[in-house]
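Chemist: Below are the chains, spelled out letter by letter.
Number of protein chains: 2
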Amino acid sequence: MELLINKIKEDGIVLSDSVLKVDSFLNHQIDPQLMYEIGREFASRFQSEGITKILTIESSGIAPSVMAGLQLQVPVIFARKRKSLTLINELYSSTVYSFTKQESNEISIAKKYLNENDRVLIIDDFLANGQAAIGLADIAKHAKAEIAGIGIVIEKGFQDGGKILREQGYRVESLARIGSLENGIVTFITDNVGETVK
Amino acid sequence: MELLINKIKEDGIVLSDSVLKVDSFLNHQIDPQLMYEIGREFASRFQSEGITKILTIESSGIAPSVMAGLQLQVPVIFARKRKSLTLINELYSSTVYSFTKQESNEISIAKKYLNENDRVLIIDDFLANGQAAIGLADIAKHAKAEIAGIGIVIEKGFQDGGKILREQGYRVESLARIGSLENGIVTFITDNVGETVK
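The listed protein sequences derive, respectively, from chains A and B. Per the UniProt record's numbering, residue 1 is the first one in the first sequence, and the count goes up by one each step. Per the UniProt record's numbering, residue 1 is the first one in the second sequence, and the count goes up by one each step.
Accuracy of the hints is not assured; some may be wrong.
The list treats identical chains as one, so a pair stands whether inside a single copy or across any two.
Claimed, not checked - Straight-line distance between alpha carbons at most 30 Å, and here's what the computed DSS-like set of lysine-lysine pairs gives:
#	residue 1	residue 2
1	K141	K9
2	K7	K112
3	K9	K111
4	K112	K21
Worth flagging that the hints you see were computed from the coordinates, not collected in a lab. Treat the numbers as computed from the prediction; the structure is a model and nothing was measured.
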């Protein structure tokens with residue numbers, strides 16, 4: 001997605017060979033116009049999939065998801081990172097390990113919002129090691145919902161997440177795929193943008 | 001805002017005399033179409049205020065804020081509830097006490113995204129005791145930004161937050177104001193919806 005790639009080129013900050021900071025438009029400060037276009041792009045790529053729900057995780061997944069939901073006309077559910085202890089029997093949960101923060105989070109959603117009749121689009125801001133997406137897929141499986149695909153704003157193509165998810169048979173659509181952050185330069189993988197890599 | 005009030009009437013669940021659960025469209029599952037209309041309503045009420053930034057707090061403030069930002073064409077900043085310890089000198093912070101969860105959270109934003117030239121619209125999903133809004137206003141003051149107003153999706157008019165903020169001189173616009181949740185029934189304050197109560 002050219003608009004997004006240009007935004008990353010302009011405003012992304014390479015902190016190390018593995019860390020790209022985009023908190024000027026995605027993770028902390030949010031650019032609503034860009035989110036709208038991102039939502040439109042997700043909607044266009046998944047519009048024939050019969051999506052009934054979008055599933056994401058707080059907090060940075062919410063803005064792109066709600067814009068995709070606006071255009072696909074489906075509700076968004078965001079998984080919370082902490083369990084509500086009073087509701088433990090009414091939740092689907094999974095554990096997500098963050099390599100960046102080096103901590104595990106329990107993520108969960110209320111059972112009543114997802115069931116076997118749902119076709120779910122999982123959306124997240126970043127795909128690195130794939131832990132968050134795998135956790136969300138896990139929750140969808142608990143609910144016996146079908147996973148129609150995974151929409152990612154920025155994929156770090158040099159980490160394993162995309163490969164793992166595609167090998168598991170998921171259709172992964174990443175709007176920007178980064179091949180390398182070496183020497184402080186963002187290099188994009190342009191060949192397969194928008195395609196499912198088998 | 002009639003659409004919102006009808007949605008609360010239909011889908012809101014009164015858990016006690018002080019707790020209204022709206023996690024089917026606002027706090028957990030999100031209705032993007034409704035969020036779009038909420039954003040439009042905020043934009044229309046504050047459009048003559050010269051807003052340059054919207055300031056909110058993760059996670060439930062993000063969806064209405066990003067829709068308001070879309071229509072006011074300004075960026076949204078969401079305060080995080082946990083400090084990034086490596087960035088401590090680059091953050092504006094404040095402490096927010098949650099009466100519901102009975103815990104204090106440090107909230108913070110990166111200094112570079114707010115300054116004395118900004119006119120800020122603070123948006124949040126709920127206004128009860130006003131702690132979150134006061135914390136966000138505190139952060140805006142640290143940045144010497146001007147606070148143009150406070151937009152609230154649902155105000156619990158029977159709690160003190162709205163009164164405190166209005167007495168401090170803030171323009172508070174609540175799209176639905178609840179007068180009472182007694183006996184399991186949601187009663188709305190209809191007289192002053194959309195008006196600044198002096």
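Chemist: Does each hint hold? Answer for all of them.
Modeler: The hints, checked one at a time:
| no. | hint | result |
| --- | --- | --- |
| 1 | K141 to K9 | neither (37 Å within a copy, 32 Å between copies) |
| 2 | K7 to K112 | between (38 Å within a copy, 18 Å between copies) |
| 3 | K9 to K111 | between (40 Å within a copy, 22 Å between copies) |
| 4 | K112 to K21 | between (36 Å within a copy, 14 Å between copies) |
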